[in-house]
Amino acid sequence: MIRFTKVSKQYTTGTDAALEDVSFHIGRAEFAFLTGHSGAGKTTLLKLMYAAERPTSGDVRVSGFATATLGRDEVPRLRRRLGIVFQDFRLLEDRTAAENVAFALEVTGARADVIPARVARVLDQVGLAMKADAFPRELSGGEQQRVAIARALVNEPPVLLADEPTGNLDERATRGVFQLLCDINAAGTVVVMATHDLDLVRHAGKRTLEMRDGRMVFDSADDATESW
Amino acid sequence: MNLVTREALLSFHRTRTLSVLSVTTIAFALFVTGLFGLVALNLRSALRQVAERVQVVAFVKRETPSQQISAAMSDIAVFPEVLDVQYVSETQALERAQRELTEFQEVYKGLEVNPLPPSIELTLKPAFRDGKHAAVVAERLHGFEFVDEVKYGQDWVQRLDSLRDIAGLIGLAIGFAFALVSIVIIGVTIRMTVLQRAREIEIMRLVGATDWFIRGPFLLEGAIKGLLGGAVAVILCAAVFGAFRAQRMGLGVGLRFFGVGEALVLLVFGVLLGFGGSLVSVGRHLRRV
Ligand SMILES: Nc1ncnc2c1ncn2[C@@H]1O[C@H](COP(=O)(O)OP(=O)(O)O)[C@@H](O)[C@H]1O
Ligand SMILES: [Mg+2]
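Chains as they are written, first to last, in the numbering used here: chain H, 1 to 228; chain A, 1 to 289.
Just chain H, same shape as in the assembly (with noise of 0.2 Å):
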């Protein structure tokens, strides 16, 4: 689903490297935690797989795409393919729960009468179908977060992103989202979740990559006695 091979991402020159000699491989119906310290390239492995950043040298496929040099007009297929969420939630402020998951839906030029449907089925599964008409003031973090992912979801992607979905949550939110995130992933979905909640990371028992100073310097899918 997700392979790497040897990427480097080098942001400005002259400066250090973001990325240095990345690979792994993250297959069919996986979930993969990835962790590190901040600065330790999280957000630019990510940014490198919905082809927001090219990386310098090396090859990056996401579910069939060579996302490394994907032309500009053939992006919006691959975020098609993708669902991407934030620490930040992202939503449109002036729109309620329904209408920013709707959003993503009519953008990508859905039929309009299977619109409502699609909506309402998704936020059911992330258990919002109470707070479909609330904006995003209205709700909690942890609430604000189910809609992004119900807005990540509505395409009925194949993978799932997520950069720190968690940061911005308490720990009864964290463990909320998190469990909602492995729902996701046992339905099928690879899910790929960046943070540095180490705790979350230990007590879960998934395989965890991890990133240091641009390096991926562990993963458990390697050496699944090691302990850490």
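Hint data in this document are derived by calculation from the structure and do not stem from the laboratory. Quick reminder that beta carbons are idealized off the backbone N, C-alpha and C, glycines included. Treat the hints with care, as some may be off.
Derived contacts from chain H toward chain A, CB cut-off under 7 Å, selection only [claimed, not checked]:
(1) P76
(2) R79
(3) R80
(4) I84
(5) Q87
(6) A110
(7) D113
(8) V114
A few chain A positions that, by computed beta-carbon distances, are all more than 12 Å from chain H [what the hints assert, rightly or not]:
(9) Q98
(10) K151
(11) L169
Dock chain A with the ligands against the given chain H, drawing on the hints supplied.
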């Protein structure tokens, strides 16, 4: 209602202040351009009317036999510059003077002998109503030995020429300057609209909307704003024109307003400005995100 239309109207509503500002800017720019257009339009037709009075008059020596004059007149009538030739006899000249120069009516009445010479009066075809051509015709008239003197109002014909040149130049300069200023201002206001909606654009890109889809509502919005601005400009021009004409009564009679075609040009100009401004602003924004 389709999505592009809905989003465009929604954005209109959400960014009301900015929308009003954009429409006002476009309206103002087109209003000034339109006013100038009106002035140019009327100046041109005024100059054309004045030019109709460009006349070459050849004064004829008294006692010239009339056959000689009528022969000369048929020669003159086929000059390429000449529209019309007329002979004004001594008596006709005196009658006209008495009629037109009422201040001197008494003077002319008491005259024993007619002091006015007979003359041949030429009007020129529109394309030749300027100093250069009038002078050429005058020169040719001098060639007839019975012609005493030729007048064509050198002074004011030459002034008319330079007025024409200056009006044209100023027109071009002002029109160009205002087009430039309006494009810049419209670019800025639309850029502000784009920035205000940067979050929406970001999310559209994130979920896989195509660039053309993202541009759509902005382009429609820009075109609508341009159309509104153009309409407001035409209305403003009409108001100013009406007020001006009402105030100057007699003087305003000959003035004319835009025809349908010219008003349409202003509207189309507005649509192009709004559409073009949006295209440039959104394009620049999309290239950076
Ligand atoms: N747009 C950018 N321009 C220049 N440097 C960047 C940019 N984004 C990230 N970096 C640098 O790349 C490195 C990795 O950053 P990032 O991928 O955001 O790490 P993380 O998400 O793990 O905190 C950091 O040194 C950061 O300063
Ligand atoms: Mg980060």
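Discussion item. Checking hints one by one. Is D113/H an interface residue toward chain A, by the C-beta closer than 7 Å rule?
Written reply: 13 Å, violated
Fill in: K151/A non-interfacial with respect to chain H [C-beta, more than 12 Å]
The assertion about K151/A holds, with a minimum of 74 Å to chain H.
Item to complete: Please confirm whether L169/A is truly not at the interface, meaning its C-beta sits more than 12 Å away from all C-beta atoms of chain H.
Response: Check passes; 46 Å lies beyond 12 Å.
Fill in: Residue hint A110/H, partner chain A, criterion CB-CB below 7 Å
It is violated, given that the least Cβ distance between A110/H and chain A is near 10 Å, above 7 Å.
Discussion item. A closest beta-carbon separation below 7 Å is what the hint needs, so does R80/H meet it against chain A?
Written reply: At 4 Å from the nearest chain A Cβ, R80/H passes the 7 Å test, so the hint holds.
Item to complete: Report holds or violated for the interface hint on P76/H, using the least CB-CB distance to chain A and a cut-off of 7 Å.
Response: 4 Å, holds
Discussion item. Is the claim that Q98/A lies outside the interface with chain H correct, judged by CB distances over 12 Å?
Written reply: About 83 Å separates Q98/A from the closest Cβ of chain H, which puts it past 12 Å; holds.
Worksheet item: Given I84/H was flagged as interface, is its beta-carbon under 7 Å from a beta-carbon of chain A?
Response: 6 Å, holds
Practice prompt. Go through the hint on V114/H and say holds or violated, using the shortest Cβ distance to chain A against 7 Å.
Written response: Since the shortest Cβ distance to chain A is 14 Å, the answer is violated.
Worksheet item: Quick one, is the Q87/H hint okay against chain A at 7 Å, beta carbons?
Response: 14 Å, violated
Worksheet item: Going by Cβ atoms only, is R79/H closer than 7 Å to chain A?
Response: 3 Å, holds
When each numbered hint is compared with the structure, violations occur for hints 5, 6, 7, 8.
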